[in-house]
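*Asks:* Sequence:
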Amino acid sequence: MLILFDDIKPFEHVFFQRVARTLLRLKVLEVVNLLEQEEKNSATNNSIEFRHLTTLILHDIHADYVEQLLCRTYLPCLIELVIHNDLLLTIINQNQQQVKDNCSKVETLITVEPWYYLTEAMKFISLILSCMSNKNILSPP
41 MLILFDDIKP
51 FEHVFFQRVA
61 RTLLRLKVLE
71 VVNLLEQEEK
81 NSATNNSIEF
91 RHLTTLILHD
101 IHADYVEQLL
111 CRTYLPCLIE
121 LVIHNDLLLT
131 IINQNQQQVK
141 DNCSKVETLI
151 TVEPWYYLTE
161 AMKFISLILS
171 CMSNKNILSP
181 P
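Just so you know, the sequence shown maps onto residues 41 to 181 in our numbering.
Hints should not be assumed to be uniformly reliable.
[Stated by the list, open to error] Here are the computed distance ranges between Cβ atoms for each label pair:
(1) GLN134 - ASP100: 30 to 36 Å
(2) ASN135 - ARG61: 27 to 33 Å
(3) VAL54 - GLU153: 29 to 35 Å
(4) PHE55 - HIS99: 30 to 36 Å
(5) ASN135 - PHE45: 28 to 34 Å
(6) GLU147 - GLU78: 33 to 39 Å
(7) ASP47 - HIS92: 25 to 31 Å
What the hints contain is simulated information worked out from the structure, not anything from laboratory work. All C-beta atoms, glycine included, are put in the ideal place defined by N, C-alpha and C.
Work the whole structure out from these sequences, hints included.
*Replies:* In structure tokens, the structure reads:
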């Protein structure tokens, strides 16, 4: 397990490349950083692969890290995702193939905050489920 935390400097694309190359067998990654990435233009390809990552925890993060890790990173073994509802819905609405590929094996989705409005949850639940093969969706009580 690796927990990445920084409240002074954002994590850039190159940093995630180095982590992926150095920790080849990493299974659990948690990212905590509310700072916007500065070098977004350099992160347009899918050159990052976490081949053994099974759990990705993305709470207390800037939306850039959701984009970085779910849209522009190869996560073939991802089976558990922890994320904020609004960030998940935003990324799913972009309808990107890499997100669908990364989330297709997710068995457990844990949302950081509960679904406050049932209509909001029902509106997007089919989008979420269409990206997941097994449908365990959990919210905190």
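*Asks:* Next, verify each hint and record whether it holds.
*Replies:* Results for each hint:
no.: 1; hint: GLN134 - ASP100: 30 to 36 Å; verdict: 22 Å, violated
no.: 2; hint: ASN135 - ARG61: 27 to 33 Å; verdict: 30 Å, holds
no.: 3; hint: VAL54 - GLU153: 29 to 35 Å; verdict: 31 Å, holds
no.: 4; hint: PHE55 - HIS99: 30 to 36 Å; verdict: 19 Å, violated
no.: 5; hint: ASN135 - PHE45: 28 to 34 Å; verdict: 31 Å, holds
no.: 6; hint: GLU147 - GLU78: 33 to 39 Å; verdict: 35 Å, holds
no.: 7; hint: ASP47 - HIS92: 25 to 31 Å; verdict: 28 Å, holds
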